[in-house]
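*Asks:* Chains B, C and D: place on chain A using the hints.
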Amino acid sequence: MAQAVAHDQKEHAAGGHGHGHPPTSLGLNSRKVGLWTFISSEAIFFTALISTYLVLKPRNIALGGPEPQDFLGITLTAILAFILLMSSLTMVLALHAVETDNVRGTRLWLGATILLGLMFLGGQVYEFNKLWSEGFHTIVITEPDGKVERIGVAEHHLEEELPHLQAEHPNAQIQDTGRKPVTWTTSLFGSTFFTMTGFHGTHVAIGVVWLSIVLVMSLRGAISSRNSLTVEMAGLYWHFVDLVWVAIFTLIYLI
Amino acid sequence: MPFLYKRSFRSLSLVVIVALFLVSCGTGENPLSIDTPLTTFATDGYESSQIYSLFQPIFWMAIGVFVIVEGLLIWSVIRFRRRPTDGIPVQLHGNLPIELAWTIAPAILVLVIAVLTFRTQAELDRAPQNPLTVTVIGHQWWWEFQYPEGNVITANELHIPANRDVVLNLRSADVIHSFWAPRLSGKTDLIPGHENKLLIRPLGEQQVIVRGHCAEFCGGTHAMMAFHVVVQPQAEFDSWLAQQAAAAATPAGVAQAAASPPATGATVAATVTGEAATGDEVAATTAATVAATANAPETTTPVAEPTSLEAQGYQLFASKGCVGCHAITGYPGAVSRVGPDLTHVGGRQHIVAGWLENTPENMTRWLRDPNEVKPDNVMGTAIKLGTLQDNEIAALTAYLESLK
Amino acid sequence: MANQTSSQAEVAAPHHDAHAPSNVRVYIQIFVVLFVITMVEVFASYLDEPPINLETWIEITVLVALAALKGLLVVMFYMHLRFDSRWFTTLFTTGIIIATLMAIVFLLLWGYKASLGGLVL
Amino acid sequence: MATTAVPVPQAGERSRWATIWEWITTVDHKRIGILYIFTAIAFFVWGGIDALLLRIQLAAPENNFLSPQVYNELFTMHGTTMVFMAVMPLNVGLGNFIVPLMVGANDMAYPRLNALSYWLFLFGGIFLSSSYIIGHPPDAGWFAYAPLSANGGVLPKTNAMDFWVIGINILGVSSILGAVNFIVTILNLRAPGMKFNRMPLFVWAQLVVAFLIVFAFPSITVASILLYFDRNFGTAFFLPERGGDPMLWQHLFWFFGHPEVYILILPAFGIISEVFPVFSRKPIFGYAFIAYSSVAIGFLGFTVWAHHMFAVGMGPIANAAFSATSLMISIPTGVKIFNWLATLWGGSLNFKTPLYYGVAFIFLFVIGGITGVMLAIPPLDYQTTDSYFVVGHFHYVLFGGAIFGLFAGFYYWWPKMFGRMLSERLGIWQFWLMFIGMNLTFMPMHYLGMIGQPRRTWTYEAGMGFEFWNLMETIGALIIALSVAIFLLNVILSRRNGEIPGDDPWDGHTLEWATSSPPPAHNFDKMPVIRSRRPVWDLKYGDAQHFTEPRDVKAAGSTDEDEHSHGIHLPPPSFYPIILAFGLTVAGYGLLYIYSGGVWGIVIGLSIMWVGIAGLASEAARD
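Chains as they are written, first to last, in the numbering used here: chain A, 16 to 270; chain B, 1079 to 1482; chain C, 54 to 174; chain D, 1353 to 1975.
Everything labelled a hint here was simulated from the structure, so no lab data went into it.
Take these hints with a grain of salt, some might be off.
Partial list, derived from the structure: chain C residues whose beta carbon lies under 8 Å from chain D [what the hints assert, rightly or not]: (1) G148; (2) I151; (3) L154; (4) M155; (5) F159; (6) L162; (7) Y165.
Note that the Cβ used here is the ideal one computed from N, Cα and C, for glycine as well.
Bound conformation, chain A alone:
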């Protein structure tokens, strides 16, 4: 604790003429306390979105909606996850460069982080676009005893799936309700998936804007070890967004 206080006072003496306040009671920078509180709140925001996805998932399947694993390519998302992890690395390297007053390094690593962020967004746009252009069919199977079952089949599996279904339900009436695109509104999977990943993407985009502002400041020479907090704050937010992707990647793509 003593060390933390000492640190903050040092920071204060060096860069912070003033946040207008005397040294704080916890010995911590107020902006950082605020940011951590906000991140904590955001964690619940994303948990609510992810929970929505998870609790509606069985209903999507029971209704003959598209089955996520037919559409979500693990390779692409693994690459996206890798990009975000990479950007977290470049982010800490940028912070390290700032703290050691390595101006070139700061700009380089900030630029790299922004670039990786943009790559991630590009990947997401690609994925959204791909999903949007794919289709699924809801097959309604009506058993002789009146039991109705709905099964969602990806368009690219339809040819091979239909004979299977016919074999499994020999006496049932099998009806294809036609092609529907995998969009935001055609199924619960689409609604939940696009909403959740869309909000995550928005956060990434905000992070990119934030980092760009920091980069511009750095290019103007306004960033140094005295106010490394500016970079650290952007970094905390960035890592949090990465953290959310760790959760989404596992719970949505892998499981």
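*Replies:* Just chains B, C and D now, kept in the frame of chain A:
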């Protein structure tokens, strides 16, 4: 000092009044002895009596806590009022044993409450014995009751046998409703997309009519979504069910006309698939029906002029588009489940979701201007004041009241 | 946090006392670990399929545990919670605890409801 | 990098517009607090008028004073207004004024963010209320249960609930930003010596409330965004016919909704914990217990939400579990009440208006607590939920609790805020009318619920036994209205005729009584040494051993480094907060009319927001 006593007397008398009021709640005695058809204190059902017998000990515990805490409060307010001679009182910051004691005491009370609660809860969730199953479907703003045993569908009046377990399958056609017949049991919600079950066991030897009401806000005229439960001895119930299973009688004088019913709205109605209809679909269908009714050319009235009033009403039921929403078993083309089933509407005790007694006068009032009786209801989108002529209303009333 | 003596902290201490060890090597090591875990995760997502055919719940447990480990590493090292004030840890974990509670109760409620039946589609 | 002190200019000889400009651009927590309080009082009166109209409609059976549609709109807006636009901002307003003073800070941690929170609250309130004029007021209840809120059921859908969804989110952003501000202020800006276990209990309560807001609001944010998508973009999160689940709305809503109850009531707990010791000249009894039980209540508050949903058919196990956690929460609450009683016990009670309200708070809150326990018991809840019993219960908690607590706080802190006392005479009149009116209005509701009157019904049939007590309730509501009118009169009169108090009219305990009334812009000239929970009391009555002269704030402000003692500097006024808030509101209207050119509204709104954000960012970089 007299001032002081006056003040304390005032607050004390207030407490006494409040306490008396609460006691009247606890004993279930109505302080004004007014008839209270929806009371939870009555016990016409096994469930409601279970709940009431849980309520009583809890209530007296609550009164105990109330008297102790408020008593202490009032006592300290009187006793420790500042007096001119007061110095600085003892600066007491706390007392651990006391604080522990009054943490443990409520904890014990809560534990007792929990045990009582779970016992009653288990009783309410018991396994039903040889139950009668009725499907209840909530609509904005009326009730549909389906008896799978007799293939009977009725509306707003639920008949069940006494002293037998009845399982209600609760569903909704549009938004969330809640089934609440307080004298029989607590409420359970009807949630679209889910099916809830409510187990009730009505008690008693004679026929009892119990009132119920929708208890979850369901928009518009939620206030007028009542129903009645007719609890009958098993034999009476059986004959009622058999009678309901019969098709509606066709009035004399429409034998020929019936062969070719002038069903204006029938094509529309046929597209409606009953209980599967969802909120949006119902709205769409209603709108379509209204449009169809509005566009119905007057020439569709039958050629042969029926003789009796009932027979005229029979004709009008189709030509005025009633069939677009209402089903009558035995009436060709009247199969829509948008509105209440009217097969035996004349035999029901109430109309308009339990709101009006079923008399020709009330039926006339309802048909003349549904919005006057029940503002913002669905029938009001089809029938406005003046949509039906007086003679048409009289004929329809006569026909509907004949459907015993 | 001062007495959590990791080698990095000692190295970094002269310059950035209570702060994260600004040690590039550690950052890269963490990255490598994260990368490896991600690869393992991708592999683990095939556990419940042929030819391994493990129970699905095992796969889910493994995946969730791996994700939690990843998150922990990011938070502790990249977000410096390991070296920063305990207050930040408290603020963050309070949120995470409530979020976890929410997710678990939601899943339990829906799982339980499904087991009761009562779903009308 | 100028760090010179910018004092808030004294109004008086300046023009009216200059004064208005000062208030618009203010970042002073005291002025923002006052703005909060008066805006919230205006909304409180508005919500009260809603309630009066509802009560007039219910005075007689089968009454036609209001149509069902208007009734539904009014009860929706009554709930929404009272929760989000009256009680919450009243709490925030009092907290804004008092908390920095109590902890010995110069201002909130982020003064400009504080201003932003206020303007978002004002604009959010205006946005919601504008539905009366330019659209349809929300009509699906403040709880907005889907699918009724999503598709309106069988009758045509209006944009009424879009007003609700967007308004709630503007207010939610305001609340979350405000809460973060409170947390940082309380954690980080305490004066030297003010350890956590010396913090005033009002500050404790505000701290817990701020955390509840931060953790509870995201849930309603997500829920309402999904609802907006369902209403406007064709998704089906809550629409069962396409697989969505109405239960999801309820869980997300109540995950927010139950902590919200504590958000509303805990500040009142804090106020009472300040008023009782001062007016009985004793320290609070069991300080630690009260402080930590707030934390316990706050945390447990996240585990009980489904007790609002016992009747939805969750099944016996879930009901039992939520029942158990709900019953558990009554224990820390009960402990608080005993501690308050023990604070009065043996004291020397100075019966002034704040204590009247304080004692009545206990009296009424106990009733609300007892009925709350009854509602936590599922079998009883099956009968009482969604009946007038519940309405009675939560009005005892929120009116008898939160509002009475707030009035105690107003009468207690008014002299500090405005340098004028409120009249005792009018205060006592107001109190008795409010106490009698309150009980007359809400006590019969319990009975009416037990004899089966369902809530949210625009009328009831004659012959159900509801007539007499409904009429009494309406009379009670009119008495409450009279009492509120007396309060407003008192406020107006006190501005000119109010007694001018000293700095410490009540013989207070906490730091706000160590400065002048009203306090200067920088809050403190001299700061007492804080060695206990009652620094100002110590100053007056402390024994010689602990008695210390107040220190000059310049010295007190910085404990170690001399380079820092260049005096107090406050941030300069800023008009960017109002611009940012305005931009967000414009974007809100854009969302409202998304299919008729609203996209442009969003673009313009975001552009205005960007101006605000850039301005705030550059200001933040400058100081």
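*Asks:* Under the criterion of a CB-CB separation shorter than 8 Å, is M155 of chain C in contact with chain D as hinted?
*Replies:* For M155 of chain C, the interface hint holds, since the closest Cβ of chain D sits about 6 Å away, which is under 8 Å.
*Asks:* Holds or violated: G148 of chain C as interface residue toward chain D, Cβ cutoff 8 Å?
*Replies:* Check passed: Cβ of G148 of chain C comes within 6 Å of chain D, closer than 8 Å.
*Asks:* Quick check on the hint: L154 of chain C CB to chain D CB, less than 8 Å?
*Replies:* holds, 6 Å
*Asks:* If you take the shortest Cβ to Cβ gap from I151 of chain C to chain D, is it below 8 Å?
*Replies:* Result: holds, 5 Å to nearest chain D Cβ.
*Asks:* Tell me if the interface restraint on L162 of chain C is satisfied: Cβ within less than 8 Å of some Cβ in chain D.
*Replies:* holds, 6 Å
*Asks:* With 8 Å as the cut and Cβ atoms as the points, is F159 of chain C at the interface with chain D?
*Replies:* Holds, because the Cβ-Cβ distance from F159 of chain C to chain D comes to roughly 6 Å (cut-off 8 Å).
*Asks:* Hey, does the Y165 of chain C contact hint survive, CB to chain D under 8 Å?
*Replies:* It holds, given that the least Cβ distance between Y165 of chain C and chain D is near 6 Å, below 8 Å.
Checked against the numbered hints listed earlier, the structure breaks none of them; every hint is satisfied.
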